[in-house]
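Q: As a plain string of letters, each chain reads:
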Amino acid sequence: MAEEGQVIGCHTVDSWKEQFEKGKESKKLIVVDFTASWCGPCRFIAPILAEIAKKMPGVIFLKVDVDELKTVSEEWGIEAMPTFLFLKDGKLVDKVVGAKKEELQLTIAKHATAAAA
Amino acid sequence: MTLQASSFAVGIPSFTPPLRRHRNLSVVRAQVEPSEKSVEIMRKFSEQYARKSGTYFCVDKGVTAVVIKGLADHKDSLGAPLCPCRHYDDKAAEAGQGFWNCPCVPMRERKECHCMLFLTPDNDFAGEEQKISLDEIREATRNM
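Order-wise, the sequence lines are chains A and B. Throughout the first sequence, residue numbering follows our numbering, covering 7 to 123 in sequence. Throughout the second sequence, residue numbering follows our numbering, covering 137 to 280 in sequence.
Calculated directly from the structure, the hints in this document are not laboratory data. Errors might be hidden in some of the hints.
No farther apart than 20 angstroms at their CA atoms in a straight line, the calculated lysine to any residue pairs in the SDA-like style are these [as the list claims (entries may be wrong)]:
hint, chain 1, residue 1, chain 2, residue 2
1, B, LYS247, B, SER213
2, B, LYS180, B, LYS267
3, B, LYS227, A, THR77
4, A, LYS76, B, LYS227
5, A, LYS76, B, TYR192
6, B, LYS227, A, GLU74
7, A, LYS28, A, GLY64
8, B, LYS227, A, GLU108
9, A, LYS107, B, THR256
Modelling step: build the complete structure from the supplied sequences, incorporating the hints.
A: Spelled out as structure tokens, the structure:
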């Protein structure tokens, strides 16, 4: 898959739905980065997430701009940015709020391992 | 509101200090620039409020620059510097209500700025500066 190892930007509700369904079917862990254009910490964490994504091809990484996909952000109750949602089988299994590198890494590792087991 | 506010304390204590990263931070889509006038107002406000609250800008001033521009953008579009690091169902209503207008209530009450604009000295990300020039803002956000 060409998208493996990358953070996939979802710019339309349709592309979000498509990626969401794909992830659901594949049973993989999905990590969604909810971001905003003028959010400083979001810019700070973005390259860190991209690095993690390179190392974890078994995890699907998505990125959603809250102003671009308002309905998606509201559906998932996003309040602060960045917020990272962890989804499995279409269900929320965990959440990290803020540019917290270590917590993000630990949470990804925790759920990625559980998925592989 | 207050409950939510306390749940995102900016912590990040275990983060390694980020080296000057802003040159790599170009993965942001194109967008409308806030007015120079509002950027200057928010730049001055940020310097003054950092001094007044005894807080410091992030070691990565790219973070500071982006947030200042975000505040300026909201000042232009909403008339108030609504926090650019939160999502609102209704931005205009939120700006009118005022809780998340900068400096927001969590900042005023507990020095909590999850946008990382104002950092207390014990925060691993706090730099040593309370000043940022217009040129620094321009340079840090050049590729946006």
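Q: For which of the previously enumerated hints does the structure constitute a violation, in increasing order of number?
A: 1, 5, 8
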